[in-house]
Amino acid sequence: MLKDIVAVTPLEEYQLYLRFEDNKEGVADISQLINFTGIFAPLQDLNYFKKVKINPEYGTIYWENGADLDPDVLYAVITDKPITSYDNLRRLMPQ
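Here the sequence shown is numbered in my numbering, starting from 1 and rising by one per residue.
Accuracy of the hints is not assured; some may be wrong.
Here are the simulated DSS-like pairs of lysine-lysine, each with C-alpha atoms no more than 27 Å apart in a straight line [to be verified]: (1) K24 to K53; (2) K50 to K24; (3) K3 to K81; (4) K51 to K3; (5) K3 to K24; (6) K51 to K24; (7) K81 to K53; (8) K81 to K24.
Hints were generated in silico from the structure; no laboratory data involved.
Sequences are here, hints too, so could you generate the full structure?
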């Protein structure tokens with residue numbers, strides 16, 4: 001499903017406007033996706049959070065400290081669609 005992120009704009013609080021290569025776009029509240037611990041701890045500082053960049057090689061967003069987010073997860077959030085490869089894995093795993 002991998003769709004590259006082609007635009008990112010920080011908004012209020014921990015929200016990011018994201019646009020993908022297929023022109024799907026929307027706002028993701030990153031505070032609902034991560035805990036501000038470990039590599040994500042610096043992102044709790046909103047000034048640092050707003051320094052988000054696009055890594056065109058990997059098609060995702062990142063911060064200078066090396067924190068990044070899976071574009072499939074962000075695409076699922078924006079489009080409100082499940083990640084099909086994860087759904088398929090769940091069906092294969094024993095209950």
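Quick check: which numbered hints come out false for this structure? none
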